[in-house]
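All chains should be built: construct the whole structure from the sequences, respecting the hints.
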Amino acid sequence: MSAELLNRARAGDRDAFAALVEPHRAELQVHCYRMLGSLQDAEDALQDVLLSAWAGLSGFEGRSSVRTWLYRIATNRCLNMLRTSARRPMAATPLPAPPPEPSRLGDTPWLQPYPDLLLDDLPDQAPGPEARFESREAVSLAFVTAVQLLPPNQRAVLLLRDVLGYRVREAADLLGLTEDAVASALKRARATMDAARSADRPPPPAGGPEERALAERFAAAFTGDDVEALVALMTDDVWVRMPPLPFEYRGAEAAHRFFTAIGAHRQGIARMEPVRANGQPAWGQYVPDPVTGVLRFTGLLVAGLAGDRVCEITHFETTVGPYFGLPRTLA
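Under my numbering, the residues of the sequence shown are numbered 123 to 453, in order.
Treat the hints as calculated values from the structure; they're not laboratory data. It is possible that part of the hints are untrue.
What follows is a set of in silico ranges between Cβ atoms, one per label pair, in the way DEER data are often shown [as the list claims (entries may be wrong)]:
hint : residue 1 : residue 2 : range
1    : Pro221    : Ala354    : 15 to 25 Å
2    : Arg147    : Glu223    : 18 to 28 Å
3    : Gly330    : Asp358    : 21 to 31 Å
4    : Arg205    : Arg147    : 41 to 51 Å
5    : Asp358    : Thr414    : 36 to 46 Å
6    : Pro222    : Gly429    : 24 to 34 Å
Ideal Cβ positions, reconstructed from N, Cα and C, are used throughout, including at glycine.
Structure representation (structure tokens):
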């Protein structure tokens, strides 16, 4: 870090301040997303973090790196949001047909996907020596969903220790906790995460031929009229989710019932526009307008993969389309 740059920023030079924080913007937004589970909330939090950093720059004494200082602000801002703010209301489009009885009701109706286009902006910053999660797993929908089940302090400790790799002493300093409190929170958080993590095989390499082949087979089966062929591509313990609707279906049998119930809508999808979300294959779904014939965007579908099978299917509302460059209509 240039001392001259820091001094200029402290003197009110906004360009100098931007030069200090811009290299960390992308990773801070991902951190806020992991904490909050919502891209909209993460964007709001990041703006608050940058405003707080600008306002508090005179108090930065340089005892840590600018990056660590920003992570302190970001983590505590997210903790404040989790503790004091009600979740923004999420509009939900009714299902096209009455759904079967769900396996359970979901706990994270605010969950949103994260575009891979934003992940491309992450700096080549290796996690600290004590990180336990690989970067791809730590941004997957399954991981982010599981993190949302943790109480705020456990969530922060897990991300600082096991994703970013900060040591116990560093995490305690960032959070204003004792080292014993960090160790205790981490133990409980790891137990919850271990219970939530799937024992399935790891996904095929991102963007590789195995992933592309499986994604193409899934997209074809999803828009076809053969539920058996679709379910044959799933693991026995597949999850089907559709936030902000609360219904969740677990297992191939439950998935079979669900996709049979919405079969007419599924077969009406005329185009699956491929994108990527959370390091996973995803598609914008388009159906023809019954009057004009123009293809209309109806939602985003994200597939989690395990080996040569699909282990998770999540459908998101149309509100996420702009983040992925998906237009409302296609000719």
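**Study point:** Pairwise beta carbon distance, Arg205 to Arg147, judged against the given window 41 to 51 Å
**Key:** 25 Å, violated
**Study point:** Consistency of beta-carbon spacing, Glu223 to Arg147, with hint 18 to 28 Å
**Key:** 44 Å, violated
Practice item. Could you see if the CB distance from Pro222 to Gly429 stays within 24 to 34 Å? Key: For Pro222 and Gly429 the Cβ distance comes to about 27 Å; the hint holds.
Review point. Using the C-beta atoms of Gly330 and Asp358, is the stated range 21 to 31 Å upheld?
Key: 24 Å, holds
Check your understanding: Taking the beta carbons of Asp358 and Thr414, is their distance inside 36 to 46 Å?
Key -> 42 Å, holds
Check your understanding: Between Pro221 and Ala354, is the Cβ distance one that fits in 15 to 25 Å?
Key -> Given about 22 Å between the Cβ atoms, the range holds.
Going down the numbered hints, you'll see the structure goes against 2 and 4, while the others check out.
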